[in-house]
Amino acid sequence: MTRIRRRFSRRQFLGTAGVLGAGATLAACTPASPTVAPTQPPAATQAPVATQPPAATEATMPQVSGNLEMMHFIGEGAAYYNFMLTLGDEFKAANPDLNLSWVWGGSDYANQFRARMLANDPPTASAFEENNMRLWAAEGLLVKLDDFLEGSNYDGTGRWLDDFAESVRSRMIMDPGADGPGYYGIPYETFINSIWYNTKLYNELGLQEPSTWAEFLSNCEALKAAGYWPIAHDGNISGYNRRWWFHLIGSLVGGAKYRATLLNEPGTSWTGEPGFLRAAELVHELYEKEYFQPGYQGYQWPAAQIDFATERAGQIMMSSGLYSEIVDAIPEGFSMSTFNTPIVEGGAGDGPNTIWEFKFNAFFVPTGSDNVEAAVEWFKYNTSRAVQQRQASEEGLQRPPSVAGVEMTPLHAGTARMLDTATLAWPREYGGPQLAPDWAKQVLEPLYDPFFYGQTTPEEFINELQAKHDEFYGN
Amino acid sequence: MNRWISKRFIALYLAPALLVYLAFFVYPAIDALRISFYEWSGFSLGNAEFVGLENFATVLRDKQLQQAAGNNVFLLIAGGLLTFALALFFAAALSQGRLRGGEYFKATIFAPYTISAVAVALLWSFIYNPQWGLLNTTLRLVGLDALAQPILAFESTAFPAVSFVVVWHSLGFYMILLFAGIQAIPSDYMDAARIDGASEVQSFFHVTLPLLRDVLIIAVLHWIIGAIKHFGIAYAMTRGRPAGITHTISTYLYEWALPYYGSTYRLGYASAIAVSLFLVVVTISIVYLRLAARRESIQY
Chain A
12 MTRIRRRFSR RQFLGTAGVL GAGATLAACT PASPTVAPTQ PPAATQAPVA TQPPAATEAT
72 MPQVSGNLEM MHFIGEGAAY YNFMLTLGDE FKAANPDLNL SWVWGGSDYA NQFRARMLAN
132 DPPTASAFEE NNMRLWAAEG LLVKLDDFLE GSNYDGTGRW LDDFAESVRS RMIMDPGADG
192 PGYYGIPYET FINSIWYNTK LYNELGLQEP STWAEFLSNC EALKAAGYWP IAHDGNISGY
252 NRRWWFHLIG SLVGGAKYRA TLLNEPGTSW TGEPGFLRAA ELVHELYEKE YFQPGYQGYQ
312 WPAAQIDFAT ERAGQIMMSS GLYSEIVDAI PEGFSMSTFN TPIVEGGAGD GPNTIWEFKF
372 NAFFVPTGSD NVEAAVEWFK YNTSRAVQQR QASEEGLQRP PSVAGVEMTP LHAGTARMLD
432 TATLAWPREY GGPQLAPDWA KQVLEPLYDP FFYGQTTPEE FINELQAKHD EFYGN
Chain B
775 MNRWISKRFI ALYLAPALLV YLAFFVYPAI DALRISFYEW SGFSLGNAEF VGLENFATVL
835 RDKQLQQAAG NNVFLLIAGG LLTFALALFF AAALSQGRLR GGEYFKATIF APYTISAVAV
895 ALLWSFIYNP QWGLLNTTLR LVGLDALAQP ILAFESTAFP AVSFVVVWHS LGFYMILLFA
955 GIQAIPSDYM DAARIDGASE VQSFFHVTLP LLRDVLIIAV LHWIIGAIKH FGIAYAMTRG
1015 RPAGITHTIS TYLYEWALPY YGSTYRLGYA SAIAVSLFLV VVTISIVYLR LAARRESIQY
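Chains as they are written, first to last, in the working numbering: chain A, 12 to 486; chain B, 775 to 1074.
Rather than coming from a laboratory, the hints here were simulated on the basis of the structure. Each hint should be verified, as a subset may be incorrect.
[As the list claims (entries may be wrong)] Here are the computed distance ranges between Cβ atoms for each label pair: (1) B:919 x A:229: 23 to 33 Å; (2) A:184 x B:1057: 18 to 28 Å; (3) B:1053 x A:406: 30 to 40 Å; (4) A:478 x B:844: 17 to 27 Å.
[To be verified] Mimicking DSSO-like on lysine-lysine, the simulated pairs with C-alpha atoms at most 27 Å apart in a straight line are: (5) A:452 x A:479; (6) A:235 x A:155; (7) A:211 x A:300; (8) A:479 x B:781; (9) A:235 x A:211; (10) B:1003 x B:781; (11) A:452 x B:1003; (12) A:300 x A:235; (13) A:452 x B:880.
We put the CB at the ideal spot given by N, CA and C, even for glycine.
Please work from the sequences and hints to get the whole structure.
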């Protein structure tokens, strides 16, 4: 057990009081957001938060010591890598008795983590994406962090849990969990899969961000007429291909109905709900009208991103991490923004204030960790508002935060707007890959790509889906 | 007594290697067999559920696995024919010693084998890019636009394209192996054939090839095992995508054990596939060696 020592000199007290006073003054001068959704943070409408390391607030930070081995799922050289190293150095400087070391998992992360857990030699702390963590929480691999989240945040200004954006909090509880439903991870970055567009091209052509699917198609047509590929798409990733259908299902049918149909609940079928076919027809229309770049079917990620970054294509559907992935390829003057996949008017599904695909990456403490206190303090530092602000605004990174009250850059104005207004945020494919993994692999996956490539018609796709679905469930 | 001491010395010298072999091959192999009887994610020892032969039953009816196995067979036969035809051709041509720049050609053909499979996969991913890849750009330049297709997308072309890269990568290895085998054939045989009036082609088929048989048997066995358990290039290049059409058995089982784009871990099922694959490789190897075995050995 690591002993937590508190050092609080008079000078530090005065410094902290000054910061808190300035913060209170700033907060008082900040106009209230006029349209804050009940479950969302006023992300883009808040006053800017300091972008420097929180030197003054270190005064309130409990000191931790001992070993902290941080096993991260990103690989060396990834966009987040240098930022993590910098944060680590700062944290070490603030905790001189702490020995912080790194393990960078990269694409082999899960394998490495598995070996460490089976060898009963877990890292002190780790980080991964939420869908995998849910499985591990259920298997008892993660420490439940509810008590820590009830405690003070890094700055000592309030309950830690309250710092997180409402959209994130609604997804933070992992159920089932080995120790009951609860908080098994600490989100530090969020991702929305949405449609990114080249703002320069949009401005040149006088286009507006679409709010309906019809407007989106109209923009595609305008881009095509101007000689650009309307949509860049890496067609060799099946999960990317399926996004188009799933986002459209959202507004036409609704995520809950999709889930029910996937799970073969009574009264559901793929052929009996016209919205599934309609969504497929709209995806097929993108193919027929040649809105994807030619040969998109054989594009290997990240080739399409390069087409978008080099202004050959006007739009791309990608996650919030797109910018950090293409930052080295974009020419000077390039700018982009994003909007939620537009709804289909007249659909019977989820409304426009829905995020069709949302996830977070999170820190967690593996069961058997030898220094939970240091791990938690490290997580607190990473999710402090100042650090989150740097994450959201640092050149080359600009990743959407997990905590509320962080101002995002113009790049993420659309992301901020989605977070501001969303009343519902779905996981990837409405959670299908987790709910019915065998179904996803054996029924949907073999059928969808040939359809997406234009080899089968929407009707054939839906009929084959129903047939394979019936065979799978023995209907 | 001396013989007894000698045996002890042999055992002593063999022990380290044997221990390593037992620890890193025999034990994991036996453990994989044990795991194959469980439904298990592989992350926590307490969460394994014994399911008996259920995983093996799934292996028999898994259609995606059957497709992956079909790809292995394609690589084995089509890739093997291409590899050995080219390797024999280059080995024979270069062993003549009359080709100008022979050493250069030998090095050039062998060079891809020295590159890691991941780098080769990345390189060919760019070459195959439908828009600006070298292949389609060249096809369009020479007016063959109709052939400039997204080669990695469709069932008819995707795995053949991956197989071609495997052949390109491994050709140098087999060429060198066969080249060394040809070099080891005493020149007397060729001289005798020449005196008897045999042409170059006749000498190759009636003298070189029969005398190369032992080397060929080993080379082909190496190819068979490699093709059946192929993983590297196929995984690094496509990870089975799209829609699983470029999976091999190994990449498919790996996707169950450690999915790249998902969060479902089924180590028990993956182990059942691995055990089945092991049995297939052993069976084919034994059958092949029995069929290929010659009664007498060649001694020059």
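Take the C-beta atom of residue 1053 of chain B and the C-beta atom of residue 406 of chain A, compute their distance, and say whether it sits inside 30 to 40 Å. Since residue 1053 of chain B and residue 406 of chain A have Cβ atoms about 55 Å apart, the given range 30 to 40 Å is violated.
Hint consistency between residue 479 of chain A and residue 781 of chain B [alpha-carbon to alpha-carbon, up to 27 Å]: violated (63 Å)
Hint check: residue 452 of chain A vs residue 880 of chain B, CA-CA at most 27 Å. Holds or violated? Status violated; Cα separation ~44 Å.
Taking the Cβ atom of residue 478 of chain A and the Cβ atom of residue 844 of chain B, is their distance within the range 17 to 27 Å? holds (22 Å)
Given pair status - residue 300 of chain A, residue 211 of chain A, alpha carbons within 27 Å: Roughly 23 Å separates the two Cα atoms, so the pair holds.
Hinted pair, alpha-carbon criterion (27 Å max): residue 452 of chain A, residue 479 of chain A. Please report holds or violated. holds (12 Å)
Do the alpha carbons of residue 1003 of chain B and residue 781 of chain B lie within 27 Å of each other, as the hint requires? violated (37 Å)
Cβ distance range 18 to 28 Å for residue 184 of chain A and residue 1057 of chain B, holds or violated: This hint is violated: roughly 51 Å between Cβ atoms.
With the threshold set at 27 Å, check whether the alpha-carbon distance from residue 235 of chain A to residue 211 of chain A stays at or below it. With Cα atoms ~15 Å apart, residue 235 of chain A and residue 211 of chain A stay inside 27 Å; holds.
Per the hint of 23 to 33 Å, is the separation of the Cβ atoms of residue 919 of chain B and residue 229 of chain A within bounds? holds (30 Å)
Do the alpha carbons of residue 235 of chain A and residue 155 of chain A lie within 27 Å of each other, as the hint requires? Distance of about 52 Å is beyond 27 Å: violated.
Is the Cα-Cα distance between residue 452 of chain A and residue 1003 of chain B 27 Å or less? holds (22 Å)
The structure fails to meet hints 2, 3, 6, 8, 10, 13 from the earlier list, while all remaining hints are met.
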